[in-house]
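Student: Below are the chains, spelled out letter by letter.
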Amino acid sequence: MKTHTHTPRRLAAALVIALFGLALSNAAAQTLLNVSYDPTREFYTDLNAAFAKHWKEKTGEQIEFSQSHGGSSKQARAVIDGLEADVVTLALAADVNAIAKAGLLPENWQSRLPSNSAPYQSTLAFLVRKGNPKNIKDWDDLIRPDVQVITPNPKTSGVARWNFLAAWGWAQNHFGGDEAKTQEFIKRLYANVPVLDTGARGSSTTFTERQIGDVLINWENELLLALKEQGDKYEIVTPSLSILAEPTVALVDKNVDKKKTREVAQAYLEYLYSDEGQQIAGKHFYRPSNPAILAKFQSQYPNLKLFTIDEVFGGWNPATKKFFEDGAIFDQIYLK
Amino acid sequence: METRKKTKRRPSRRILPGFGLTMGITVTYLTLLVLIPLSAVFIRSSGMGWDAFWTAITGRQVVASYKVTFGISFLAAATNAVFGFLVAWVLTRYRFPGRRILDALVDLPFALPTAVAGIALTALYARNGWLGQFFYSLGIETAYSQVGIYIALTFIGLPFVVRTLQPVMEDLDAEVEEAAASLGAGRAKVFTQIIVPALLPAMLTGFALAFARAIGEYGSVIFISGNIPLRTEITPLVIVKFLENYQYPQATAVAAVMLTASFALLFVINLLQRWAEKNS
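Read top to bottom, the protein sequences are chains A and B.
FYI, the numbering for the first sequence is 46 to 381, going by this note's numbering.
FYI, the numbering for the second sequence is 3 to 282, going by this note's numbering.
In short, the hints are calculated from the structure, not lab data.
Keep in mind that a hint or two might mislead.
With a straight-line cut-off of 30 Å between C-alpha atoms, the simulated DSS-like cross-links for lysine-lysine are [claimed, not checked]:
{"no.": "1", "chain 1": "A", "residue 1": "366", "chain 2": "B", "residue 2": "69"}
{"no.": "2", "chain 1": "A", "residue 1": "232", "chain 2": "B", "residue 2": "69"}
{"no.": "3", "chain 1": "A", "residue 1": "119", "chain 2": "B", "residue 2": "280"}
{"no.": "4", "chain 1": "A", "residue 1": "367", "chain 2": "B", "residue 2": "69"}
Sample of chain A residues at the chain B side, in silico, Cβ under 10 Å [stated by the list, open to error]:
{"no.": "5", "residue": "146"}
{"no.": "6", "residue": "148"}
{"no.": "7", "residue": "202"}
{"no.": "8", "residue": "238"}
{"no.": "9", "residue": "250"}
{"no.": "10", "residue": "256"}
{"no.": "11", "residue": "379"}
{"no.": "12", "residue": "380"}
Sample of chain A residues with no beta-carbon within 10 Å of chain B, all distances over it, derived [stated by the list, open to error]:
{"no.": "13", "residue": "179"}
{"no.": "14", "residue": "190"}
{"no.": "15", "residue": "223"}
{"no.": "16", "residue": "370"}
Note that this is a predicted model, so its numbers are computed, not measured.
The beta carbon of each residue, even a glycine, is placed where N, CA and C say it ideally should be.
Using the sequences and the hints given, assemble the complete structure.
Tutor: What follows is the structure, encoded as structure tokens:
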């Protein structure tokens, strides 16, 4: 009987030892933490498996992955506050800039990898209800009084900033650079937004589940995925002009040096640019930055003219200052 | 007396033992959990200078959000004070089948993750929702409006009122009511002169708890409110917006305002409660 009363304690002790053992054996295999934004979950699950295989063949080392996904700037803040990411793969260069400002990686990070540290790209397009009942064709249809537009809040969502900039870029081009008219257009567009969700997934839910709005602006890769799954209910409308969205990746120097993972983390980021990495990006509806691979997938992307943030706005820092800071244009359009 | 003075242990001035230990633990616990995090808010915002602080807390969108948050929280808590009273009354005064289930239901808003509550309420009250379609046909926008915020805040506040009122109602002496009735008081008079004064302090407490909870609520509201600046943006969302833009000082400045306001409100309600206790 006596031994029986001791069993739970012994079990607990055994469990503790087992856990320790597990922790130790885990430490033997290197673990990489990739901190990313929301819609990349499936893409990186595939890519990580492919890279682990590649790395094992090349070096014989076992590599394990942890993935973390969430709103892009929330993720950046987590890294700044001490989440030990080896690499960050975020929606906006602005968020990586913020990490650089905190001293975790050098300010020139964006020039360390090819094509502005954006191994895959995307753009913004419209999702409308089947048959396009409101006959939406381009950006100027979004300001019609009978049209409701769904897009998240640029203050809290990465893709929403790309949405805003895409609309601004189109209007600026359309009005021949007239700033006042461009701002008026943006103001009317956001007056047509009945719900400003805090993130991209929230907006998708509002549009698809709540059946609110006539058009959803979102990542092209998310729309293509939605179409694959629910093609009988929606269709994609491609505007005449949109922005080339460049989600950026970077090594977090401070963390990789501390965890001694620089070599494998660097190889991981370079793998994103390899033919295999590019193929996987294309399979998940991102636009590969390698033109040869892009050409292979060309038929899946709608054909439209794209401009870059550097061309039109001079990069993220000036764009953030002009549009999204406290009291900047996005705040102003709601005040008047 | 002589011998007691000579013993090494200091004589305890309290009848119950263990005051030193329990008080020590209480203070440490409260300091770690409440005081340090809250003072961090003030310390972080104090580094920004008075002008910047003032600009951050008086922006038009921020001020509009105070109105939305405090105004609607007040309405929601007031609604709960009335209907929570009814619910507590039914649960304590009557015996009927299913009472226990009803009683357990009251706690649900406590237990449900607020995001789940927000999504469920939005699904119900949206234009294509079960309940929303009726409201919309009457011309009332329920989801994505201030009404939506009111619904969410009422939902999360209900248990606070019911759970504070219930024990007090149970202790309410029925004999006093009977005595009043036998002395010729009508039902209305018994209610207003006997029952309400006895329950008023608990009602105020419940109201204050529901109100304070509503002011800080984020998870359930952002799904149903629509988050349009100046109209349906709550103050906690304004704070999140600042954070998302790496404006920590501004975020903590607004948080400090909320903390101060909540504290002042709770303090006033506490005073009211004392006054009500004295008068009953």
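Student: Confirm or reject each hint.
Tutor: Hint-by-hint comparison with the structure:
1. Of the supplied pair hints, the one linking residue 366/A and residue 69/B holds, its CA atoms being roughly 28 Å apart against a limit of 30 Å.
2. Distance check on the hinted pair: residue 232/A and residue 69/B sit about 24 Å apart at the alpha-carbon level, within 30 Å; holds.
3. A threshold of 30 Å between alpha carbons decides the hint, and for residue 119/A with residue 280/B the separation of about 50 Å lies outside it, so the pair is violated.
4. For the proposed pair residue 367/A and residue 69/B, the alpha carbon gap of about 28 Å is at most 30 Å, so the pair holds.
5. With a least beta-carbon distance of about 8 Å to chain B, the hint placing residue 146/A at the interface is held under the 10 Å criterion.
6. Hint on residue 148/A is violated. Least Cβ distance to chain B is approximately 14 Å, over the 10 Å limit.
7. For residue 202/A, the interface hint holds, since its Cβ comes within 10 Å of a Cβ in chain B; the closest pair sits about 8 Å apart.
8. Nearest Cβ of chain B to the Cβ of residue 238/A: about 8 Å, under the 10 Å cut. The hint holds.
9. With 10 Å as the threshold, the beta carbon of residue 250/A comes within range of chain B, its nearest partner Cβ sitting at about 8 Å, so the hint holds.
10. Checking residue 256/A against chain B by beta carbon gives a least distance of about 5 Å; that is within 10 Å, so the hint holds.
11. For the restraint placing residue 379/A at the interface with chain B, the shortest Cβ-Cβ distance is roughly 4 Å, inside the 10 Å limit, so the hint holds.
12. Checking residue 380/A against chain B by beta carbon gives a least distance of about 6 Å; that is within 10 Å, so the hint holds.
13. Its beta-carbon lying about 16 Å from the closest one in chain B, residue 179/A satisfies the requirement of being farther than 10 Å from that chain.
14. Separation of residue 190/A from chain B is adequate, the least Cβ-Cβ distance of about 17 Å exceeding the 10 Å criterion.
15. Listed as outside the interface, residue 223/A is consistent with that label: its C-beta sits roughly 25 Å from the nearest C-beta of chain B, beyond the 10 Å cut-off.
16. With a closest Cβ-Cβ approach of about 7 Å to chain B, residue 370/A is found to fall inside the 10 Å limit, against its non-interface label.
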